[in-house]
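Chemist: Protein chains in written order, with numbering that gives the first Met the number 0: chain A, 0 to 149; chain B, 0 to 103.
It should be emphasised that the hints constitute simulated quantities derived from the structure, not laboratory data.
Ideal Cβ placement from N, Cα and C applies to all residues, glycine included.
Each hint should be verified, as a subset may be incorrect.
[To be verified] With beta-carbon atoms standing in for the labels, derived distance ranges: (1) Gln26(A) to Lys59(B): 21 to 31 Å; (2) Phe59(A) to Lys59(B): 19 to 29 Å; (3) Phe59(A) to Phe64(B): 37 to 47 Å; (4) Ile112(A) to Thr41(B): 55 to 65 Å.
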Amino acid sequence: MTETQPSREDAVAALAEVGIRASQVRQADSQLCWMLAALLAADLGVAVLLSLSPHRGSTFAGVGVLAMLVAAVAFAVIVGIRIRGYSRLGIRLYFGTLIAFNLCNALVTSLSIGSRFWAQGQPTYHFGITEAVGMVPLVVGIWLLSRRRD
Amino acid sequence: MSHPRHELDDLLGHPVRFSVVALLAAAEHADFGFVRDNVEVTDSVLSKQMSALEQAGYVKVKKGFVGKRPRTWLSLTKEGRRRFARHMNALQEIAAGNNLPVAS
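Whole structure, please, built from the sequences with the hints as guidance.
Modeler: Pasting the structure below:
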């Protein structure tokens, strides 16, 4: 309890500052967005590479997939180490997106294999389509996180 | 109905402490350096104010390492959030001009 009272202007200024501080934290959430973007880029890269590769595979595709996954993990780790602050909603969106992506990816892949949409004898781009559908939660998560920035 | 100033928190009347708590209120966790840079204070000023807030039970300080680098993570306690919310309500009332009428 205090005996001194801030003026109306002081109170308005203090309330405005709270908005600015919240905006600074939302901007810090963009690091989480970049980590998801790295995962999306790697997934997209693998999908494109394997869609263009022959059925029996190739050394180029194998090395390419490995390189993209390693690069994405390295990038995500570097960004993760640099995280200095995050909001409750931001971190929930981040982990929610990861969980939704894994579940969706597993479901779509299972359906694709089960229905023989992605199978031996089918065009290789069917793998790319399967992956593209599986990564929808990632795109939605990145969009939700990025639109929180002011 | 009491005057809204009675709901104001003395500890949050200090400008740096108010800025720190306002930042932490929006964050789940924040690094010491992140708070220092955004509130635009020196390490020593922030340390001093953090000690006051920690002693009052408003802020939780967690020290750790990322690789070999020491990291200090700050977060508001439940009590800190409750006090800040009450302080904010009082500020909103003052800003809205909902003060008690002057006795005639």
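Chemist: Return the numbers of the hints above that this structure violates; sort them in rising order.
Modeler: Failing hint: just 2.
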